[in-house]
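One line per chain: the protein sequences are S and A, in this order. Each residue of the first sequence is one higher than the one before, counting from 1 in this note's numbering. Each residue of the second sequence is one higher than the one before, counting from 1001 in this note's numbering.
No lab work stands behind these hints, which were simulated from the structure alone. Misleading hints may appear alongside valid ones.
Said to hold, decoys possible - Derived DSBU-like pairs (lysine-lysine); straight-line CA-CA distance at most 35 Å: (1) S/K51 x S/K97; (2) A/K1144 x S/K99; (3) S/K97 x A/K1176; (4) S/K228 x S/K199.
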Amino acid sequence: MKLRLLVLLALIMPVIAWSAEIGIIAFQMSADTHARTANAALGEAEAQGFKVTLLNSEGSVPKHAEQLDTLIQKGVDGIILAMGKTQELDAQLEAAKQKGIPVVTVMSGASPHTAFDVNVNEAAVGAQIGMHLLGMMDYQGGLMMQRYEGHGGTRMRGRILDVILEQNTGVNLVGSHTMAKTKSWREDVRAGMEALILKNRGNFEAIWTSFDGQAFVIDDLLREQGFKRGDIILTGVDGGQEAFARIRDPESLFTATVAIPFEVMGRAAVNSIASLAGGAAPEDIVAGPFLYMDAVLVDSANVPAEGQWPW
Amino acid sequence: MPDFIRRYGTAMACVLLFAIMGLTADNFLNPYNLLSIFKHVSFLTIISLGFTLALASGELDLSFAHIASFASVCTASLLFGGYPIVVAVATGLSCGALLGVANGLIVTQLKIPSLIATLAVSTIVNGLSFLVTGGVAFVGRLDKAFLFLGRGSLFTIPVMILWMMIAVVACLYFLKQTRTGIHLVCTGEAEEPSRLAGVATRRMKVLGLGLSGLLAAITGILLTSSLSSASPTIAGEYLMTGIAAVLLGMTTIEPGKPNVIGTLIGALIIGALRNGLTLLGAQYYVQDIVLGIIIIASVSLSATRFKKVVFSAPR
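Required output: the full structure, derived from the provided sequences and hints.
If you want it as structure tokens, here you go:
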């Protein structure tokens, strides 16, 4: 599927790229995943000869809207939103469409005013890691959850695990902590899980987290408390070099993650913009509102070497 | 001449900025782009005017951004619940005004410095916003009449710009033409002499902080309308930029004092810089660096009042 897509993109990619300009807006560059996507898109666009303006909305929807408005006024040839807020920016996206500026989003959700959204299937991601975790637990024992409800993807992963747990009654949810949406979220995760680990010590075999950053905090916490690899199964979602390093590290309790191909998605967005700016229709690239990429479950069996990626 | 520069230097810099951007950045002076700048600056101006009034009364309000977000989620939750627009908007405005008054009462009655009091209230309000939303943003499905408040246009002029003009004129009139407004300014400039002269200084401080809450709520509601969404962090960005706009404003027109026209100029400088730098193709970190330098420069020029408010003990 991915190979077919890349071949198609290569065939219809126009030669006008070097004279054109792309605007890339990342919603929150301080978030690792947003930065990985935006920086990959920036690198790909520059490599193709595009002039690029990279903007950071710093997590602010009003600033996000303002930046999109400005890029539209600037008359760029294409816009990429990395983890953008398509529903909130409905009016701006409609204006871009009216001006004939193609917009491709990455992990932002569908909009009738954008070409399509480059994404992974979050429900599938949640199912992958949830089923892997329960399999590792042999479908029995105590489980703790570190949730995050402030993001659509992490919320979906949590809901999928809820469904999986309903079907597997041998696994008991002994504790759950929902991370607060604050800038000091690491401290919040640490404080919440510290209390839960203390309360449930000896009664749980695994900890599920909604994204890797939470798992790293809990991994450090578990190690400080004397847990060794094999004592607890700890999983996350996102992937990245830090996640792979921990999976390789025999001291770490971090067991598995689902690696989301942020860099691949950033590059695919640029290739798509190049095609659309060259006259291709969105339907020539993908029929529906989503251009899905494959996320890869990574554990000790397939963890890539340092600096390598699983795709 | 030096006095003219001191008084109008920043205003002239604003004009110069528009001229330079107009010459260097393609489309900067395009009427649609200018309207876009003014439209986005409107939110910043209205919320900053509230901070200006609080500072004019001699108190600091660090809760205005979270109050704006709270008013936004309260209004949206009622609209999503099927309540009439008037009820939802009135509730949002009331929440903002009441929280502002609560700030004032904590400062004047409990004698807690406004820096700490408003920070604490800000934390509480942020928690309340998450309580209302459960962390999930209200998005879409808002009535067209409500959306007109923030998205509409009258004779091609975005209504947001009209709201901003109304807010500026109202605040200017209040501070310069009404007895209460003059008492509020006197309270901020010389609290003890004002009190001895019969000014109800405590009441003025409550009023200053209350109006700050009200203007924050107005901004929050207009943001909800403009973005057709509400979330607990929707106005978070305005804390820093709002303070920056007011501090920039304190370097001009009435140097060293929070003033309405100065705040408008400060907001315009920030808005024009952001827009112009984007049109010039400057990357995001350049914009942050430039804005940071401007804040340092403006604070160094207008710090006297700010320092006095931040570090003085309440009376």
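Consistency of the hints with the structure:
As the CA atoms of S/K51 and S/K97 are separated by approximately 21 Å, the hinted pair is consistent with the 35 Å bound. The hinted pair formed by A/K1144 and S/K99 meets the criterion: a straight-line CA distance of about 23 Å does not exceed 35 Å. The hinted pair formed by S/K97 and A/K1176 fails the criterion: a straight-line CA distance of about 46 Å is larger than 35 Å. Between S/K228 and S/K199 the CA atoms are separated by roughly 19 Å; this keeps the pair inside 35 Å, and the hint holds.
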